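First to last, the sequence lines map onto chains W and D.
Reading the first sequence from the start, the letters are residues 0 to 218 in numbering that gives the first Met the number 0.
Reading the second sequence from the start, the letters are residues 0 to 358 in numbering that gives the first Met the number 0.
The reader is advised that the hints may include incorrect statements.
As the list claims (entries may be wrong) - Calculated lysine to aspartate or glutamate pairs in the DMTMM-like style (CA-CA distance at most 25 Å, straight line): (1) K82(W) <-> D71(W); (2) K135(W) <-> D121(D); (3) K135(W) <-> D313(D); (4) K343(D) <-> D313(D); (5) K343(D) <-> D311(D); (6) K135(W) <-> D213(D); (7) K343(D) <-> D195(D); (8) K343(D) <-> D186(D); (9) K135(W) <-> D71(W).
It is worth saying that the hints were derived from the structure and are not from the lab.
Quick caveat: nothing in here was measured; it's all calculated off a predicted structure.
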Amino acid sequence: MWLSARLSAATTVLLLPIGVLLAWWLSRTRRRWAVVVEAFVALPLVLPPTVLGYYVLVSLGSRSPLGRAWQDLTGSTLAFSFKGLLIASLLYSLPFAVQPLLAAFAGMDRRLVEASAVLGRSPLSTLWRVVLPVCKAGLASAAVLTFAHTVGEFGVVLMVGGNIPGRTRTVSVSIYDSVQVLDDAAAARTSLALLAFSLVVLTTLYALRRNGSAFRMDL
Amino acid sequence: MIELRVRRHTVDVGISLDLDRPTVTALFGPSGSGKTTVLRALAGLDDSGGGVLCGDDVWDDGRVIVPARRRGLGYVFQDPALFPHLDVRRNVEHGLHALSRGERRSRAMEALALVGAGGLADRRVTTLSGGEAQRVALARALAPRPRAVLLDEPLSALDTPTRTALRAELREVLTAAAVPAVLVTHDRAEVLALADEVVLLDGGRVLQRGTPVDVFSRPGTPEAAAVVGVETVVPGIVVGRTVDGLVEVRVGDRRLLGTTTDDPPGSGEALVCIRAEDVHLATDRAAQASARNQLPGTVTSVRDEGVLVRVDVDCGFALAAYVTRGSALDLHLAPGRPVTANVKAPHVHVVPRAGQPSR
């Protein structure tokens with residue numbers, strides 16, 4: 000349980016800045032190949048988690064250049080570790096951070112960005128001083144969705160983390176374990192907790208979205 | 000001097016703008032004529048697809064593009080586009096980030112005072128009326144002391160009383176700020192009230208350019224005439240109001256009665272506009288007409304323009320009239336013939352013009 004919270008928190012904290020910059024770039028760029036980047040970002044939405052997990056495992060494993068470099072550097076392996084899990088989570092939850100931000104950026108008044116540019120502000124300054132304050136609701140959505148989605152992910156965690164108690168066994172994986180060992184009571188308990196958590200998160204999110212104007216003012 | 004060539008979609012416009020003197024240049028035309036496209040390309044908000052030169056600097060040659068933030072221009076949109084999360088003063092300070100905190104504050108207050116919004120500094124922008132918000136937007140554009148300010152139909156989103164009030168002030172503000180302005184508008188009154196020069200655009204091309212008086216009273220081509228409508232535009236002086244709400248205006252040694260949308264009515268300098276189709280010609284002085292303005296004069300030229308005949312009359316000032324070909328024959332209209340031009344007061348549009356032209 001604690002592991003899931005830690006993983007989700009770390010993923011959210013790291014992914015938000017990445018997601019903001021990526022969404023900002025995607026919303027502004029006129030380069031043709033931006034659509035390819037967009038497709039890559041959305042890939043985890045359609046790809047079976049096992050596929051993504053497999054590729055992450057291969058590229059982090061001790062036989063890949065990255066995995067070996069990490070091993071030489073730190074003496075520990077990336078695969079089957081919390082750090083490896085974190086990298087996988089970042090990739091897997093990327094669309095859940097980027098999509099709400101993209102929608103928020105696209106939905107805001109374009110002339111606010113133009114006004115800021117004409118007033119001499121750089122794109123990054125405009126992002127920080129104008130876009131993010133105006134798109135607070137989208138930012139909150141991105142954070143909540145990233146967190147909740149990371150808590151609930153299973154396939155990637157199993158592939159990359161390897162289900163090591165205390166190190167890489169998250170809530171969703173522990174349910175699978177419980178069922179495997181025919182401990183229905185434990186599976187039911189954990190499932191119910193996860194269901195309740197997800198429901199509360201999403202209800203809060205939609206409530207905030209519905210009276211978005213009040214939300215923007217108070218936050 | 001800015002040399003501007005914009006080629007986008009159906010627009011192909013090349014104009015040079017003299018931004019060394021604080022003059023107001025209006026880009027006038029119907030919607031779809033390309034005027035906003037030109038303005039946005041000048042500001043660097045869209046690619047020009049051609050070339051923009053500012054003096055010796057290349058702003059856009061298709062490869063090298065100077066971004067909007069480095070062009071040193073101010074821009075006012077049709078809607079205020081104020082930053083909703085900042086108060087009025089911080090909105091105005093947004094373009095002053097290179098200055099110290101104290102300087103930022105004083106410059107912002109100075110700009111707000113200039114546009115008559117000094118009392119709004121601490122207000123949330125969401126609580127402003129349309130007119131107030133547009134004043135703040137103008138202050139925000141002027142505060143960084145841009146080399147020129149670009150106004151994209153800045154008054155068209157406002158209701159009529161607010162629009163006429165702000166129109167009257169806008170010229171004074173621009174004169175006081177001593178900043179050249181490029182104004183995009185489809186409102187003839189705005190051109191007449193504000194502009195020193197007008198560039199007539201239609202279908203993505205420049206049809207004509209010149210002073211508002213020249214372009215509106217003497218369109219050079221049938222296309223230009225179709226866009227502006229043929230109109231007599233002469234400078235006059237507002238001398239008073241009649242009890243029934245008409246404006247009395249002196250043009251040369253003539254006095255005309257007309258109407259104005261401005262309330263309270265401006266006094267002093269104004270432009271008097273009379274459309275050629277609203278002028279009725281008579282050769283018999285005695286024929287009593289309901290028109291409040293009956294101006295004796297002499298025909299100076301008669302020109303066949305298809306269905307209608309354009310007759311120019313010298314009645315103390317040059318007045319253009321459209322009559323049908325039949326009337327022209329019946330009245331024996333020819334140069335030198337004495338006539339009386341009748342114009343109803345509601346057809347004499349008086350547009351107050353604050354301040355001297357700046358050239």
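Cross-check of the supplied hints:
1. Between K82(W) and D71(W) the CA atoms are separated by roughly 15 Å; this keeps the pair inside 25 Å, and the hint holds.
2. With a C-alpha separation of about 23 Å, the suggested pair K135(W) and D121(D) falls inside the 25 Å cut-off, and the hint holds.
3. About 66 Å separates the Cα atoms of K135(W) and D313(D), which puts this hinted pair outside 25 Å; it is violated.
4. A hinted pair counts as satisfied when its Cα atoms are at most 25 Å apart, and K343(D) with D313(D) qualifies at roughly 18 Å.
5. The suggested pairing of K343(D) with D311(D) holds, with an alpha-carbon distance near 18 Å, which does not exceed 25 Å.
6. Proposed proximity of K135(W) and D213(D) is contradicted: the alpha carbons are some 52 Å apart, above 25 Å.
7. This hinted pair does not check out: K343(D) and D195(D) have alpha carbons roughly 28 Å apart, beyond 25 Å.
8. Distance restraint check for K343(D) and D186(D): the Cα-Cα separation of roughly 22 Å lies within the 25 Å cut-off, and the hinted pair is therefore satisfied.
9. Restraint check: the Cα-Cα separation between K135(W) and D71(W) comes to about 42 Å, which exceeds 25 Å; the hinted pair is violated.
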